[in-house]
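J.: Sequence:
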Amino acid sequence: MARQQEPARPPARAPKSRAARRTAAAVTAALVAAAPALSAAPNAAADSDGADTLTIAASQPVDSLSPFLAQRLISTSVHRLAYDYLTNYDPETNEPIPGLAESWKTSEDGLTWTYTIRDGATWSDGEPVTAEDAAWTFTTMMEDAGAATANGNFVANFESVEAVDATTLRIELKQPQATMLALDVPIVPKHVWEDVGDYSSFDNDEFPIVGSGPFVITDHEPNQSITLKANEDYWRDPPKFDRLVFRYMPELDAQVEALRAGEVSFVSGLTPAQADALKGTENITVNTASGKRFQGFTINPGARTRDGEEFGDGHPALQDRVLRRAIMRAIDKDEIVESVYGGYAEAAGGYIPARYDTYHWKPDASQRLDFDPDAANEMLDEAGYERGENGVRVSPDGDPLKLRMHVHNDRPDYVAMGKLLVERLADIGIEVENRTVDPGVLSDALHSGEYDLIFTGWTVNPDPDYVLGIHTCGALPTEPGTMRSDAYFCDKDYDRLYKEQLAAYDDPEGRAAAVEKMQAILYDEAVVNVLTYADTLEAYRSDQIASIQVQPDPGGNIWGQDGHWSWSSAVPAADSRAGASVSPWVLAGAGAVVLVAAGAGVYLVRRRAAGAEDRE
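According to mature numbering (1 follows the signal peptide of the UniProt record, and there is no 0), the stretch in the sequence shown is residues -40 to -1, 1 to 576, in order.
Nothing false has been slipped in among the hints.
In the DSSO-like style, the derived pairs of lysine-lysine whose C-alpha atoms are separated by at most 30 Å in a straight line are:
1. Lys459 to Lys134
2. Lys477 to Lys322
3. Lys322 to Lys459
4. Lys322 to Lys452
5. Lys65 to Lys459
6. Lys477 to Lys134
7. Lys362 to Lys379
8. Lys134 to Lys452
9. Lys239 to Lys379
10. Lys477 to Lys459
Hints were generated in silico from the structure; no laboratory data involved. Since we're looking at a predicted model, the values are computed, not measured.
Work out the full structure: start from the sequences and follow the hints.
T.: Take a look at the structure:
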């Protein structure tokens, strides 16, 4: 379809300051704030049965309750609450701290890691947690491809795993591995899982689900809610809330109104206008944190399996690096920061958000694909992409540049970015069909390779290994539909650097250098395209939640990949202990969780995830 004639676009403008860019959001917020507010329930956290319930609005439905399969942020966040990991992240510094493993040591060559599993930890059915459970979890992932779907990259370098005795776990590596204190793998109970026949299809939906974390999953209503209760026998002190409920609410506006009415305790993924409006609302606290996620899109370079089998129907011209790079030069990231996020974001370059300064990377002047539509048009002219009579370019092979773009319909920021991309790509002769669709439709298109451009986003952990690993050649699908990646990216130099950073367990500077080079490759190839690092905008009912841990502290977010500390530290407003200083080391549980999937709420797909990482 031919594009209507538009006025000539003004030349690229100088970036405005962050403060200046927030003006538009503030104006909109004022209008929102002027609307009459709904009356809030005095304390909806207290249920009729006297239990304190923390209700969390979520914008993403669970993909699986199996720790071996789950990739979405909502699912992996729940698993953080229901299962223990060998280590956790310090809630203030993000540094590794003891978890199920109370201590560890490594050999001089870095190939042998020995963990001491804490004595006294129990599964929620009363059975003891032992090193045998951890050994069985890791070994099963090593030996069964179905069990390695979500987290297989963590064990790909393992030679063997052994339970020396009930409290001693030994892992032998093929090569030194820098992630041995950041193995984001839920440890599952061997006595429950060893009789499962097919790990690739088992959804772990027999309630209550046996786990060892501060919460126990007691119910799941698909596309409605997930409920968890506090694990009173957790090895740390139990949570202060009796229940957590994650309610699935697909509309962000509905989430905000539910928060105003006191029907939910917490919402995330707020728009700038919503956040600014809520700041003036009684009994509501807004938390603004620097982004630990990136927002962007990937380009289909030709879907294929690890064995090279091609599938899907991606536009063949997108295999041309020149075209992919021209697409990036047509996009104004500062415009996105201003018009979509109202200044509550940062224009992105590298794959790792600026929050993680050790691994953050920015392209230098010689590498930058800055917004320059004239340069993009010149690149395409020189590469033989001629414009047709309707203004749409045609590839040298005769294929019109008409591309499909899949965008999450439950993310207002993505919907807005999608509309901008349609306009900007039209300026360089590319016609885009904007398919704003349900996340399930988008996921199906990704796994079948039936897309051209597709929106993505990952939550990045303090250790970036997972979110980097999803772009290795090993992350390509073994067969269509089994992929761990979101870009069908495969590059030998990238793989070499991935192995190099993984082996640099005793060389942090060398590892950081390798990670920066990997990001440079992703940027240069323009298959994985990061647009922004949006601030995390969250709000909670202060008449329901007296206090809650942010991570890192100060300046961090409440809902993140490691939501363990936030929900287990939360203190009910009616609790007599609410005024006391609460240590996150003491608070380990939170009651039952209800997941609400809302428009732009907490919508992520795991690690990819940056699950560690979580993907959208």
